[in-house]
Amino acid sequence: MADLSANFLGIKSPNPFWLASAPPTDKQYNVLRAFEAGWGGVVWKTLGSQVKNVSSRYSAVDYGGSKVMGFNNIELISDRPLDINLREIAECVRLFPDRAMIVSLMADNSREKWHELIAQVEDTGAHGLELNFGCPHGMTERGMGAAVGQDPEIAKMVVEWVMEKATLPVITKLTPNVHSVVPTGRASVEGGTNALSLINTIQSITGVDLDTFVPNPYVAGKSVYGGYCGPAVKPIALKMLTTIAQDPITSRMPISGIGGVSTWKDAVEFMLLGASNVQVCTAVMKHGFRIIEDMCDGMNNWMDEKGFKTLDDFIGKSVPTITHWEDLDINYHIVANIDQDKCIHCGLCYIACEDTSHQSINLSYGNPYNTYSIKEDECVGCNLCKLVCPVDSCITMVEQRKGDEYLNWKEFQRRGLPLNDH
Amino acid sequence: MAITNNRLTAEQYEQNFSDIHPPFDSREAALVDANRCLFCYDAPCTKSCPTSINIPKFIKQITTDNIKGSAYTILDANIMGGGCSKVCPVEKLCEGSCVFNLMDEPPIPIAKLQRYSTEKAIDHKWPLFQRKPSTGRKVAVIGAGPAGLSCAHVLSREGIDVTIFEKERKGGGLMTYGIAAYKVTPEFCEDEVNFITSLGGIEIKYEQELGKNVSLADLQANYDAVYIGIGVGVARQLAIPGEDLAGVEDAIRFIYDIREKGYPSVPVGDRVAVIGLGMTAIDAATQAKRLGAKEVTIVYRRTQAEMPSTEVELNLAKLDSCSLIWLASPKEIKGENGQVTQLICNVMELGVPDTSGRRTPIETGETITLNVDMVIKAAGQVPFEDLVDSNQLNNWKGKIAIDSNCATNIPGVFAGGDCVNGGKEVVDAVQAGKDGAKAILGFMYKERASE
Ligand SMILES: Cc1cc2nc3c(=O)[nH]c(=O)nc-3n(C[C@H](O)[C@H](O)[C@H](O)COP(=O)(O)OP(=O)(O)OC[C@H]3O[C@@H](n4cnc5c(N)ncnc54)[C@H](O)[C@@H]3O)c2cc1C
Ligand SMILES: Cc1cc2nc3c(=O)[nH]c(=O)nc-3n(C[C@H](O)[C@H](O)[C@H](O)COP(=O)(O)O)c2cc1C
Ligand code: SF4
Ligand code: SF4
Ligand code: SF4
Chain U
1 MADLSANFLG
11 IKSPNPFWLA
21 SAPPTDKQYN
31 VLRAFEAGWG
41 GVVWKTLGSQ
51 VKNVSSRYSA
61 VDYGGSKVMG
71 FNNIELISDR
81 PLDINLREIA
91 ECVRLFPDRA
101 MIVSLMADNS
111 REKWHELIAQ
121 VEDTGAHGLE
131 LNFGCPHGMT
141 ERGMGAAVGQ
151 DPEIAKMVVE
161 WVMEKATLPV
171 ITKLTPNVHS
181 VVPTGRASVE
191 GGTNALSLIN
201 TIQSITGVDL
211 DTFVPNPYVA
221 GKSVYGGYCG
231 PAVKPIALKM
241 LTTIAQDPIT
251 SRMPISGIGG
261 VSTWKDAVEF
271 MLLGASNVQV
281 CTAVMKHGFR
291 IIEDMCDGMN
301 NWMDEKGFKT
311 LDDFIGKSVP
321 TITHWEDLDI
331 NYHIVANIDQ
341 DKCIHCGLCY
351 IACEDTSHQS
361 INLSYGNPYN
371 TYSIKEDECV
381 GCNLCKLVCP
391 VDSCITMVEQ
401 RKGDEYLNWK
411 EFQRRGLPLN
421 DH
Chain D
1 MAITNNRLTA
11 EQYEQNFSDI
21 HPPFDSREAA
31 LVDANRCLFC
41 YDAPCTKSCP
51 TSINIPKFIK
61 QITTDNIKGS
71 AYTILDANIM
81 GGGCSKVCPV
91 EKLCEGSCVF
101 NLMDEPPIPI
111 AKLQRYSTEK
121 AIDHKWPLFQ
131 RKPSTGRKVA
141 VIGAGPAGLS
151 CAHVLSREGI
161 DVTIFEKERK
171 GGGLMTYGIA
181 AYKVTPEFCE
191 DEVNFITSLG
201 GIEIKYEQEL
211 GKNVSLADLQ
221 ANYDAVYIGI
231 GVGVARQLAI
241 PGEDLAGVED
251 AIRFIYDIRE
261 KGYPSVPVGD
271 RVAVIGLGMT
281 AIDAATQAKR
291 LGAKEVTIVY
301 RRTQAEMPST
311 EVELNLAKLD
321 SCSLIWLASP
331 KEIKGENGQV
341 TQLICNVMEL
351 GVPDTSGRRT
361 PIETGETITL
371 NVDMVIKAAG
381 QVPFEDLVDS
391 NQLNNWKGKI
401 AIDSNCATNI
411 PGVFAGGDCV
421 NGGKEVVDAV
431 QAGKDGAKAI
441 LGFMYKERAS
451 E
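First to last, the protein sequences are chains U and D.
Under full-length UniProt numbering, the letters of the first sequence match residues 1 to 422, in that order.
Under full-length UniProt numbering, the letters of the second sequence match residues 1 to 451, in that order.
Looking at chain U on its own, in the form it has when it is part of the complex:
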């Protein structure tokens, strides 16, 4: 049995799975249920000045028969009174002392307001603070949330205010609504933050209702841009995480990975790319807290299989494999191969290659089943056929190097080698 216990900034939790700051963490009832289910920690729904929510406030993107591939919300920070939240936080900490309790904050834009809020929260016995620099709607108009996260100068200033007062570890949560998360990440580090987390939600319109003509979500005939999250945003979150994990300044920070984590596999990917733990929101909003069981179990089995005893054995392991395009080995070449015994003759590889790639698949007509085979000389090794083939390991890519030595694009140009020799 591997050891799943996590230590993030000295904050211990029995596993690396925290609930992200969102409705699942906005009251005692939910949080106690989450802890009972086995979640390692929570980031309490963002506290700040009093707000009021609208309805409806969620919408989703369904794809190919699967529901909620992408999720979007136009919700604000916690709309419950501050004193109730504080009382409940203290109660949860008392009942589950072994779990991580982080409180997300978004104060009005003044040093005093931040200091005041931090003092109140620290009194609850919580273990850490997370600064919400990401909310993409509602708060930005008032110069908060993403308005802070999008301006490195302001972000640095706010972090500094916080660090003046905070005695607990501070995590700064970044917004993805920027062309790069690194500048705000660096500014936060310079401001003194103890850790970073990312991503918050991405501005989006999930779709338009074809009967009312109003985009989703619908609020009395109008809509607004909402924050996108769920499985659909994972690739974007992973990329942003990796840039933070690679940057010499931000990589010094522990990182909490967020954005589309739904299974133990997703979590492992985030951690391989530099996250020390992960936070989850949409997946529990879709399935409830019970998904934690397989998350722990699956990660545990995977670690056993790979021989990893603790989380530190694999955190960040994949980061060095991300390089620059011009450093890739041009001599590495692969060609597709179809296993005729596994092929079900659906023709998907053929039509994809024929219409949109390199016409490298041969069709010989049959009734009712055609036969498909690869024209090895034409195949550029792009991988498309393998991606579209519905049968597991029916198409494999076989290595056929163009030369023994490693050769990258810079060297290729320097030697003046001929273009398009394959």
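For the record, the hints were derived by calculation from the structure and aren't laboratory data.
Hints are supplied without guarantee of correctness; some may be wrong.
Said to hold, decoys possible - Part of the chain U face toward chain D, derived, beta carbon under 7 Å:
| # | residue |
| --- | --- |
| 1 | Gly64 |
| 2 | Tyr350 |
| 3 | Asn367 |
| 4 | Pro368 |
| 5 | Asn370 |
All figures in this text were calculated on a predicted structure; none of them were measured in a lab.
Heads up, the beta-carbon is just placed ideally off N, CA and C, and yes, glycines get one too.
Let chain U serve as the given structure and place chain D with the ligands on it in line with the hints.
Below, chain D with the ligands alone, put in the same frame as chain U:
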């Protein structure tokens, strides 16, 4: 022990004859299956549909809620796509070659999805097709079965005015009169015929029989071309002693009565023997059971390996607890007071393969005796030999001979469907109608060019 009708309560009849292939309960259920379809290229399912419906396309259209488009895709290729979705032996057609079979997974329920779209089109009477302005050309079609209706629809879309001469009081052919009642209802058949004729340009004259009220010569004189789609005729006689006893029934007649008269009116015995093992035999056996017969035994000359029905159909009969006697051939029907009491069969064994490659059964000399009070004959159908002969149509034992262009030996007279192939499926007849229409259009263009 006797043959009587009205054996069951109204509810029992209702239950016994309810749809054996129920439709999807909801849009979501249909979407789950539609989304499983891989959208194959040059799809094997399409190649295995005699009417070549673009199956991946219509299923894709269901996944995008484009039901009108989906119904058009189906009905454009097969105007009886609604009925076919209920009666096609899909396990040997489209679904039988769905690529999922090669992964040992259940195939996409193509017919059920096809029903999902077409039923909506027919229920809502969607005007999916527009006919071109009338060209003034006229074609006579004999028989309002699947072949005739399909031919008429294609022709009318091209602006040809079509008159159909039908000997019965309803259209649809065996779809209306022959197919087991738990596959399609008479109401559906009527709606389907109305949906087809709602295009306009098609007039059906009922109770008009070729050889009785109409003659081929008249039609030739009054129309630019004639299409014959009269189907295959009556049940084959067994030519054994006792065939004229009361209680010996012809399967086609028996099924016709179930469709025409209503379940309680159709008499059925306590112990019924059904002879043959084609689709007709299965339909007769299961329906006899569902009408309240206590025991139904299917008697077949060969073994399961040679049977014409599919495994799925055979299972239908088995699930209705009909019993089977393999390798038994009727020898004599015995009776008392003119009523059937026994069926005596020769016990057979398999000999050498015949011309069709099936091993011919030969007598062993032993016999078995079944105590029965009703015998239903379903040993195949024989074409309308006299009718075809008397009209000087080239034929083979009544099956009309056509060339590769659907033309008979008489210029301007075309034929297709069961009357040519000796009896296949509805979907084959629909394709034959399409082919016939295409040939007729070609013929008329050529005529016009040479005028
Ligand atoms: C018992 C039984 C069960 C079957 N079950 C199935 C099934 O489950 N699925 C399936 O796909 N197929 C089934 N079939 C086969 C299918 O019904 C036929 O292949 C199909 O109906 C043939 O169409 P058609 O238009 O060629 O002939 P028919 O459907 O026979 O239509 C011929 C039409 O011509 C009319 N007609 C005949 N003679 C004359 C005349 N002299 N003058 C004017 N009109 C005339 C008839 O009344 C009829 O309306 C079954 C057949 C039988 C007998
Ligand atoms: C309904 C909803 C409300 C949210 N509210 C907050 C919030 O108050 N504070 C915050 O920092 N993030 C908030 N988030 C963002 C999530 O914490 C998380 O960053 C984002 O949803 C991406 O993770 P996921 O893909 O697992 O959902 C909210 C998300 C949702 C869906
Ligand atoms: S996509 Fe895969 S299964 Fe389909 S034809 Fe190509 S190799 Fe065969
Ligand atoms: S018409 Fe019959 S064979 Fe053709 S696709 Fe439809 S159900 Fe399948
Ligand atoms: S063969 Fe099956 S999976 Fe492929 S297109 Fe046809 S129904 Fe879909």
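Checked hints:
1. Taken as an interface hint, Gly64 (chain U) checks out: its beta carbon lies about 6 Å from the nearest beta carbon of chain D, inside 7 Å.
2. Given the 7 Å rule on beta carbons, the hint for Tyr350 (chain U) holds: about 6 Å separates it from the nearest Cβ of chain D.
3. For Asn367 (chain U), the shortest C-beta to C-beta distance to chain D is roughly 6 Å, which falls under 7 Å, so the interface hint holds.
4. Nearest Cβ of chain D to the Cβ of Pro368 (chain U): about 4 Å, under the 7 Å cut. The hint holds.
5. With a least beta-carbon distance of about 6 Å to chain D, the hint placing Asn370 (chain U) at the interface is held under the 7 Å criterion.
Of the numbered hints stated above, none is contradicted by the structure.
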